[in-house]
Amino acid sequence: MSSIGIDLGAKNIVAAEPSEFGVRTIDIEDRRAMRSAVSFEPGDDEVIVGHLAADLLDTHPDLTISSVRRYVELDSEFTINDGSYTKTTYASEEIMALVLKKLRREVDDSLGESPDTAVISVPANFGATARSATKRAAEIAGFDAVRLAPKPSAVCAACGLGDRDDDTEHTVVYDFGDSFDISLVDTSYGDGSYDVIAIDGRRDLGDDFDRELSEWIIRKIESETGETISDDRSKRRQVRQKIEIIKQQLSERESATFRDAGAIVDQSFEFTVTRERFAELTADPVDRSIE
2 MSSIGIDLGA
12 KNIVAAEPSE
22 FGVRTIDIED
32 RRAMRSAVSF
42 EPGDDEVIVG
52 HLAADLLDTH
62 PDLTISSVRR
72 YVELDSEFTI
82 NDGSYTKTTY
92 ASEEIMALVL
102 KKLRREVDDS
112 LGESPDTAVI
122 SVPANFGATA
132 RSATKRAAEI
142 AGFDAVRLAP
152 KPSAVCAACG
162 LGDRDDDTEH
172 TVVYDFGDSF
182 DISLVDTSYG
192 DGSYDVIAID
202 GRRDLGDDFD
212 RELSEWIIRK
222 IESETGETIS
232 DDRSKRRQVR
242 QKIEIIKQQL
252 SERESATFRD
262 AGAIVDQSFE
272 FTVTRERFAE
282 LTADPVDRSI
292 E
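Numbers 2 to 292, taken from the working numbering, label the letters of the sequence shown in order.
It is worth saying that the hints were derived from the structure and are not from the lab.
You may find that some hints are simply not true.
Said to hold, decoys possible - Computed cross-link-like contacts, PhoX-like style, restricted to lysine-lysine with a CA-CA straight-line distance of at most 25 Å:
| # | residue 1 | residue 2 |
| --- | --- | --- |
| 1 | Lys-102 | Lys-88 |
| 2 | Lys-221 | Lys-243 |
| 3 | Lys-102 | Lys-136 |
| 4 | Lys-221 | Lys-236 |
| 5 | Lys-221 | Lys-248 |
| 6 | Lys-136 | Lys-88 |
| 7 | Lys-236 | Lys-248 |
What the hints assert, rightly or not - Have a look at the derived ranges for each label pair, beta carbon to beta carbon:
| # | residue 1 | residue 2 | range |
| --- | --- | --- | --- |
| 8 | Gln-242 | Ser-133 | 32 to 38 Å |
| 9 | Ser-256 | Asp-285 | 17 to 23 Å |
| 10 | Arg-254 | Leu-112 | 43 to 49 Å |
| 11 | Asp-63 | Asp-117 | 34 to 40 Å |
We treat Cβ as the ideally placed atom computed from N, Cα and C, and that holds for glycine.
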């Protein structure tokens with residue numbers, strides 16, 4: 002029986018499978034993560050999911066959901082104000098199911114087979130309604146979700162904290178991704194189980210990482226090319242798209258290259274972004290998370 006793990010982020014969704022080296026992230030559209038976004042093409046009766054859907058937020062804001070998980074958290078219903086669609090109202094679990102269906106197709110293509118079961122990590126403060134909606138969405142998408150694991154517990158399990166020989170009873174899990182979450186977890190059981198004692202955090206701090214890096218890159222582009230792009234929403238969106246790749250590269254190496262062949266401005270350019278520079282740019286939101 003094959004099984005995968007799914008990390009349900011606020012903006013991105015990641016799938017992974019067990020491997021001889023521990024865990025292997027499954028590529029989705031040649032990326033390590035898929036945007037958790039859904040967009041409905043005007044006048045087309047077509048549903049678009051993933052990175053392309055996120056790219057349509059600027060042009061079709063009323064028909065695009067850029068964070069499906071947050072829609073589920075709020076138990077929101079989405080209405081399509083476009084007469085071309087045969088289905089115009091989606092419950093939160095139906096929106097989530099669209100994302101999970103796309104994920105399943107990509108996983109099946111990548112693995113060459115369909116996984117039998119899935120464990121889905123969700124926020125520790127996911128309420129009963131959100132958990133039920135996620136389970137229903139997984140079923141609609143064809144996943145047998147054998148467990149919804151709170152993210153802090155999943156982190157502790159992945160790090161093997163329950164197998165340690167020391168007397169550590171409590172562990173603080175500091176999760177700074179699409180949002181900021183901090184949790185206190187009881188890791189004293191010794192049997193692979195964990196208990197989340199307390200949680201806190203801020204949903205908006207993760208966005209600050211993208212904002213700070215994006216603004217620095219825009220200033221860099223304007224300084225080196227002499228062109229102004231600050232007020233151009235389309236060009237700003239192109240920068241935001243590229244920084245997702247920059248952040249992924251910086252998680253694996255000391256530097257990354259921001260490169261454009263003339264799509265953003267009327268000339269080709271490239272420059273290096275280092276981990277040190279990224280740390281400087283994001284020091285303020287990190288400091289605020291510690292406070």
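Hint check:
With a CA separation close to 17 Å, the supplied pair Lys-102 and Lys-88 stays within the 25 Å bound. At roughly 14 Å between alpha-carbon atoms, Lys-221 and Lys-243 fall within 25 Å of each other, so this suggested pair holds. Between Lys-102 and Lys-136, the direct Cα distance comes to roughly 13 Å. Compliance with the 25 Å bound is thereby established for this hinted pair. About 14 Å separates the Cα atoms of Lys-221 and Lys-236, which keeps this hinted pair within 25 Å; it holds.
Distance restraint check for Lys-221 and Lys-248: the Cα-Cα separation of roughly 17 Å lies within the 25 Å cut-off, and the hinted pair is therefore satisfied. A C-alpha spacing of about 22 Å is found between Lys-136 and Lys-88, which places the hinted pair at or below 25 Å, so the restraint holds. The hinted pair formed by Lys-236 and Lys-248 meets the criterion: a straight-line CA distance of about 19 Å does not exceed 25 Å. In this structure the supplied range 32 to 38 Å holds for Gln-242 paired with Ser-133, their Cβ-Cβ distance being about 34 Å.
Here the CB-CB span from Ser-256 to Asp-285 is close to 22 Å, well matched to the stated 17 to 23 Å. In this structure, Arg-254 and Leu-112 break the distance hint of 43 to 49 Å, their C-beta atoms being roughly 27 Å apart. For Asp-63 paired with Asp-117, a C-beta distance near 39 Å keeps the hint of 34 to 40 Å intact.
Hint 10 from the earlier list is the only one contradicted by this structure; the remaining hints agree with it.
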